[in-house]
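Here are the chains, one letter per residue:
Protein chains: 2
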Amino acid sequence: MSSKDKEQPAASGAVDRRHFIAAAAGVGAALAGRETLAQAPAAQPAAAPAGPPPSTGPRLFRAELDVTDCEVEGKIPADLNGAFYRTGPDPQYPLRPGNIPFDGEGHVTMFRIENGRVNFRSRFVRNERYLAQEKAGKILFPMYRNPYLDDPSVKGLSRGTHNTHIIHHNGKLLALKEDSPPAAMDLNTLETLDPVYNFNGQLLSQTFTAHPKTDSHTGNMLAFGYEAKGFNTTDVNVFEYTPDGRKVWEAWVNVPYVGMLHDFQMTEKYVMLYVIPLAFDQAQIERGGIHWSWYSGQPTYFGFFRRGGDGKDVKWVKGPERSATHMMGGFDDGNMLYVDVEMSLSNPFGFMPMRDGSKWDPVRGASHITRLSVDVSKKTPKEYGIETLYPDHVGALPRQDDRYNTVPYRYGFLPCPDPAPRDPSKRPASCYARFDLQNRSSMLYRAGEGVQLAEACFAPKGPNAREGEGYLMGVASHNNEGGRADLVILDAEHIDQGPIATVKLPTRIAGQIHGWWVPGSAIPPKRA
Amino acid sequence: MSSKDKEQPAASGAVDRRHFIAAAAGVGAALAGRETLAQAPAAQPAAAPAGPPPSTGPRLFRAELDVTDCEVEGKIPADLNGAFYRTGPDPQYPLRPGNIPFDGEGHVTMFRIENGRVNFRSRFVRNERYLAQEKAGKILFPMYRNPYLDDPSVKGLSRGTHNTHIIHHNGKLLALKEDSPPAAMDLNTLETLDPVYNFNGQLLSQTFTAHPKTDSHTGNMLAFGYEAKGFNTTDVNVFEYTPDGRKVWEAWVNVPYVGMLHDFQMTEKYVMLYVIPLAFDQAQIERGGIHWSWYSGQPTYFGFFRRGGDGKDVKWVKGPERSATHMMGGFDDGNMLYVDVEMSLSNPFGFMPMRDGSKWDPVRGASHITRLSVDVSKKTPKEYGIETLYPDHVGALPRQDDRYNTVPYRYGFLPCPDPAPRDPSKRPASCYARFDLQNRSSMLYRAGEGVQLAEACFAPKGPNAREGEGYLMGVASHNNEGGRADLVILDAEHIDQGPIATVKLPTRIAGQIHGWWVPGSAIPPKRA
Numbered sequence: 045m046s047s048k049d050k051e052q053p054a055a056s057g058a059v060d061r062r063h064f065i066a067a068a069a070g071v072g073a074a075l076a077g078r079e080t081l082a083q084a085p086a087a088q089p090a091a092a093p094a095g096p097p098p099s100t101g102p103r104l105f106r107a108e109l110d111v112t113d114c115e116v117e118g119k120i121p122a123d124l125n126g127a128f129y130r131t132g133p134d135p136q137y138p139l140r141p142g143n144i145p146f147d148g149e150g151h152v153t154m155f156r157i158e159n160g161r162v163n164f165r166s167r168f169v170r171n172e173r174y175l176a177q178e179k180a181g182k183i184l185f186p187m188y189r190n191p192y193l194d195d196p197s198v199k200g201l202s203r204g205t206h207n208t209h210i211i212h213h214n215g216k217l218l219a220l221k222e223d224s225p226p227a228a229m230d231l232n233t234l235e236t237l238d239p240v241y242n243f244n245g246q247l248l249s250q251t252f253t254a255h256p257k258t259d260s261h262t263g264n265m266l267a268f269g270y271e272a273k274g275f276n277t278t279d280v281n282v283f284e285y286t287p288d289g290r291k292v293w294e295a296w297v298n299v300p301y302v303g304m305l306h307d308f309q310m311t312e313k314y315v316m317l318y319v320i321p322l323a324f325d326q327a328q329i330e331r332g333g334i335h336w337s338w339y340s341g342q343p344t345y346f347g348f349f350r351r352g353g354d355g356k357d358v359k360w361v362k363g364p365e366r367s368a369t370h371m372m373g374g375f376d377d378g379n380m381l382y383v384d385v386e387m388s389l390s391n392p393f394g395f396m397p398m399r400d401g402s403k404w405d406p407v408r409g410a411s412h413i414t415r416l417s418v419d420v421s422k423k424t425p426k427e428y429g430i431e432t433l434y435p436d437h438v439g440a441l442p443r444q445d446d447r448y449n450t451v452p453y454r455y456g457f458l459p460c461p462d463p464a465p466r467d468p469s470k471r472p473a474s475c476y477a478r479f480d481l482q483n484r485s486s487m488l489y490r491a492g493e494g495v496q497l498a499e500a501c502f503a504p505k506g507p508n509a510r511e512g513e514g515y516l517m518g519v520a521s522h523n524n525e526g527g528r529a530d531l532v533i534l535d536a537e538h539i540d541q542g543p544i545a546t547v548k549l550p551t552r553i554a555g556q557i558h559g560w561w562v563p564g565s566a567i568p569p570k571r572a
Numbered sequence: 045m046s047s048k049d050k051e052q053p054a055a056s057g058a059v060d061r062r063h064f065i066a067a068a069a070g071v072g073a074a075l076a077g078r079e080t081l082a083q084a085p086a087a088q089p090a091a092a093p094a095g096p097p098p099s100t101g102p103r104l105f106r107a108e109l110d111v112t113d114c115e116v117e118g119k120i121p122a123d124l125n126g127a128f129y130r131t132g133p134d135p136q137y138p139l140r141p142g143n144i145p146f147d148g149e150g151h152v153t154m155f156r157i158e159n160g161r162v163n164f165r166s167r168f169v170r171n172e173r174y175l176a177q178e179k180a181g182k183i184l185f186p187m188y189r190n191p192y193l194d195d196p197s198v199k200g201l202s203r204g205t206h207n208t209h210i211i212h213h214n215g216k217l218l219a220l221k222e223d224s225p226p227a228a229m230d231l232n233t234l235e236t237l238d239p240v241y242n243f244n245g246q247l248l249s250q251t252f253t254a255h256p257k258t259d260s261h262t263g264n265m266l267a268f269g270y271e272a273k274g275f276n277t278t279d280v281n282v283f284e285y286t287p288d289g290r291k292v293w294e295a296w297v298n299v300p301y302v303g304m305l306h307d308f309q310m311t312e313k314y315v316m317l318y319v320i321p322l323a324f325d326q327a328q329i330e331r332g333g334i335h336w337s338w339y340s341g342q343p344t345y346f347g348f349f350r351r352g353g354d355g356k357d358v359k360w361v362k363g364p365e366r367s368a369t370h371m372m373g374g375f376d377d378g379n380m381l382y383v384d385v386e387m388s389l390s391n392p393f394g395f396m397p398m399r400d401g402s403k404w405d406p407v408r409g410a411s412h413i414t415r416l417s418v419d420v421s422k423k424t425p426k427e428y429g430i431e432t433l434y435p436d437h438v439g440a441l442p443r444q445d446d447r448y449n450t451v452p453y454r455y456g457f458l459p460c461p462d463p464a465p466r467d468p469s470k471r472p473a474s475c476y477a478r479f480d481l482q483n484r485s486s487m488l489y490r491a492g493e494g495v496q497l498a499e500a501c502f503a504p505k506g507p508n509a510r511e512g513e514g515y516l517m518g519v520a521s522h523n524n525e526g527g528r529a530d531l532v533i534l535d536a537e538h539i540d541q542g543p544i545a546t547v548k549l550p551t552r553i554a555g556q557i558h559g560w561w562v563p564g565s566a567i568p569p570k571r572a
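First to last, the protein sequences are chains F and E. Take the first sequence: its letters are residues 45 to 572, numbered as in this note's numbering. Take the second sequence: its letters are residues 45 to 572, numbered as in this note's numbering.
Honestly, I wouldn't trust all of these hints.
If several chains are the same, the list does not tell them apart, and a pair holds so long as it fits within one copy or across any two.
[To be verified] Listed next, the in silico DSS-like pairs over lysine-lysine satisfying Cα-Cα at most 27 angstroms (straight line):
1) Lys570 <-> Lys505
2) Lys199 <-> Lys179
3) Lys356 <-> Lys470
4) Lys182 <-> Lys570
5) Lys359 <-> Lys423
6) Lys291 <-> Lys422
7) Lys362 <-> Lys423
8) Lys356 <-> Lys422
Rather than coming from a laboratory, the hints here were simulated on the basis of the structure.
Just need the whole structure built from these sequences, with the hints factored in.
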């Protein structure tokens with residue numbers, strides 16, 4: 045199929061501009077974990093009160109929390125045993141003007157679920173950056189992925205914030221930021237064990253993605269680093285580790301240009317990389333700005349090469365200006381390689397500069413679940429296919445049953461604004477959609493008014509559960525209660541029936557970019 | 045002077061009934077640390093939203109918190125070095141119907157202030173009760189000071205909640221509940237070191253007051269226990285420990301009846317105990333109720349005896365039905381012994397049963413700062429003096445500069461509703477009053493609308509500061525922000541000028557009954 049024949053760009057869709065703006069704002073807020081900050085002023089009384097002005101509240105959050113045996117409405121399923129981990133940026137000190145909400149120290153939260161009870165804990169990743177700033181009592185890394193402005197005292201320290209994603213590997217929790225190596229944490233205590241975890245010296249890349257995949261057959265961890273030989277290098281290192289931490293394969297390739305390679309895909313036979321024009325901007329960096337800007341009109345590149353080889357077979361298929369930062373799933377099937385992404389026509393982030401100085405367009409920045417494809421049998425594929433799968437659903441944080449990362453899959457999940465709001469005068473409800481790719485259908489869970497849902501995570505019912513059989517969980521923030529958080533746990537096959545259990549926290553918690561489910565069997569017993 | 049000549053009972057005062065109801069409610073809420081819980085429903089949208097019903101929020105709080113280098117509006121004084129500790133009841137599991145907000149596990153909070161920075165931490169007292177209930181996953185001590193309903197599994201364990209007050213003694217933090225021995229905690233980490241601290245075997249009383257005093261000359265800790273030989277015993281043990289933990293004096297006396305002996309007074313020469321008709325109620329306990337009920341019409345007793353003796357000289361001076369639970373200060377002066385209390389005509393607690401089944405009266409339950417006195421030179425004093433010092437100020441949590449616990453003093457502090465509200469249609473502002481007893485004047489700090497102030501605590505500017513020279517601090521809860529807490533720090537001599545510094549926390553924190561300032565010099569260096 046051609047690049048265009050099945051694509052339904054956002055601007056031509058059935059829903060109006062206002063809807064997309066709300067959707068894009070929701071996505072940005074959810075990504076940044078700042079929905080509750082943004083909403084905080086709404087909690088103030090509307091009329092100016094007499095007497096002293098009302099409190100403006102703090103600018104920062106940063107509260108590390110423990111709640112033992114959390115209150116639960118409904119019932120925690122007896123077969124749900126494990127932990128839901130999340131991380132997100134929680135700035136230690138106020139962000140410098142011009143900085144973006146993707147900066148800020150990684151704050152990891154954990155819902156430990158066992159025997160029908162839930163314990164909650166959150167801890168900062170005590171990485172090199174955090175510790176240095178704590179000691180100094182001020183920010184020392186003032187700009188997102190711009191080392192030029194760093195305080196001279198931090199020379200040689202890891203810039204990693206570990207605020208993007210969190211996985212488990214070889215008995216450790218790894219907090220991830222794509223510009224640096226992981227930080228290793230204790231799965232029970234969230235204590236930082238190693239602020240620069242290099243897999244016992246095996247990690248050659250200077251960076252490590254926030255989006256590793258799990259091989260559906262072997263359980264191996266598949267991952268990569270970009271700008272792998274340093275700042276503004278085109279080198280990408282792709283690698284594979286066994287569950288017990290042994291590197292069994294790696295390859296090096298070079299991207300056509302240094303764009304944000306936030307996620308990737310690996311199937312049974314192929315590695316896929318997708319280069320978008322949110323690209324390295326040297327001039328902006330030298331002016332004191334962030335690492336990236338959006339290069340309007342620049343092409344994308346769909347890259348692929350065979351697993352197990354040396355990467356020299358890499359092919360880069362040019363495509364139109366687009367953005368795709370997250371993959372929902374992907375697989376190879378005969379001659380075809382399919383990767384399902386959330387795709388927008390242009391810059392999806394209102395806070396990322398447009399290089400040409402134009403105004404950010406929330407409609408062109410709105411993301412839809414989109415299937416990319418190439419015919420890998422062709423010697424030099426001229427284009428890649430772009431098919432919008434769900435034109436009514438707007439959202440940038442898709443997930444799947446992670447046991448199906450590398451193989452054909454049927455179900456996906458997405459937080460999105462209500463695609464069919466009942467009352468168009470109100471902000472659309474925050475929803476989780478469950479997609480059935482087999483029949484292109486969807487199912488919806490609508491959260492209540494004033495509630496914002498973060499990215500969802502799937503937990504299988506057990507090791508032998510069929511695909512999608514289990515629980516979908518995610519954090520719901522209550523804007524009308526100072527951002528107070530619940531964890532909602534849904535039957536992943538019947539999300540339209542509402543939560544089976546709601547874990548009610550007493551306060552707001554640290555925000556989230558991504559979260560990860562770790563089964564209880566992979567969590568070591570607590571140390572005495 | 046006679047019992048009556050200078051007393052101005054609340055009901056005859058210049059302010060109306062509505063004012064007193066608000067005041068009494070504020071006092072009850074502040075005591076119980078539940079203002080924010082009570083206010084939480086007000087944060088819900090007024091109109092019923094479409095879709096799922098709004099969250100009702102959790103019933104419990106229990107969030108243990110750490111915030112490093114808290115945000116500060118204004119500037120922390122350079123000479124303020126130490127820690128402000130607080131404790132309050134924070135039920136581990138929902139209270140059984142009929143139980144009262146004085147029950148619930150002690151949750152200790154700490155504002156560690158040093159070099160212009162503030163670190164916040166809160167931890168439960170991990171006492172025997174807490175640990176047993178945590179293990180069981182349910183409440184095992186279901187009724188306030190009623191052991192008859194205890195789960196059989198807890199036989200022999202301390203019932204102490206340690207939710208009332210917190211002091212430092214001999215390098216430890218002691219969390220207090222008047223029905224049991226203290227729990228010792230680490231001054232830096234808030235780790236519970238000893239859940240039943242008996243002063244290396246020196247504590248003979250089975251109980252220990254929540255209101256020790258500090259001898260203004262020696263720094264000795266002066267304290268007592270009532271029901272000292274067990275449940276419903278009239279025995280009171282009064283004792284004195286040196287700052288390094290050596291018991292240097294004790295005496296035993298018997299009260300006329302077993303009333304709540306919540307506080308006491310010690311002057312240079314005398315010990316004063318005040319027995320109120322909030323008294324032991326065996327029938328109520330056997331019915332499954334709490335320890336106390338209010339015996340309307342029953343007399344009070346002002347008891348006193350010499351320090352350093354054996355207690356056999358104790359004299360009990362009968363007085364009218366009154367309540368006084370907290371002492372602001374006291375001293376002896378020639379033949380006279382003076383004790384300043386917060387006094388109400390009847391039961392100050394709406395949640396404590398009236399034994400005769402009558403309705404609780406918030407006007408008769410409202411407290412005013414009142415001076416009690418006896419002529420100790422009389423062989424058998426027939427009455428004690430009752431003089432209302434501040435008839436316009438309603439409040440039950442007075443404090444002083446604690447360096448003046450046993451000697452003549454000039455200044456006192458009280459959280460109270462605005463005694464002269466500008467807009468009588470609104471709920472009176474929550475205030476701190478500073479009293480100058482020398483000229484019977486007062487000064488006021490008014491908090492903003494929707495803010496509730498907890499008990500205040502005075503921190504001297506330094507070891508050589510004159511009386512009242514230093515800082516008054518206390519926690520301000522924002523009802524409109526999900527109960528979010530600030531610590532306000534005022535110049536204690538100019539509280540009307542508003543905070544010098546406001547420490548802005550990002551969430552609600554555990555509630556408070558009482559708090560205590562510990563100078564930095566008394567806090568051991570952190571263990572490595």
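### Query
Any of the earlier hints contradicted here, and which numbers?
3 and 6
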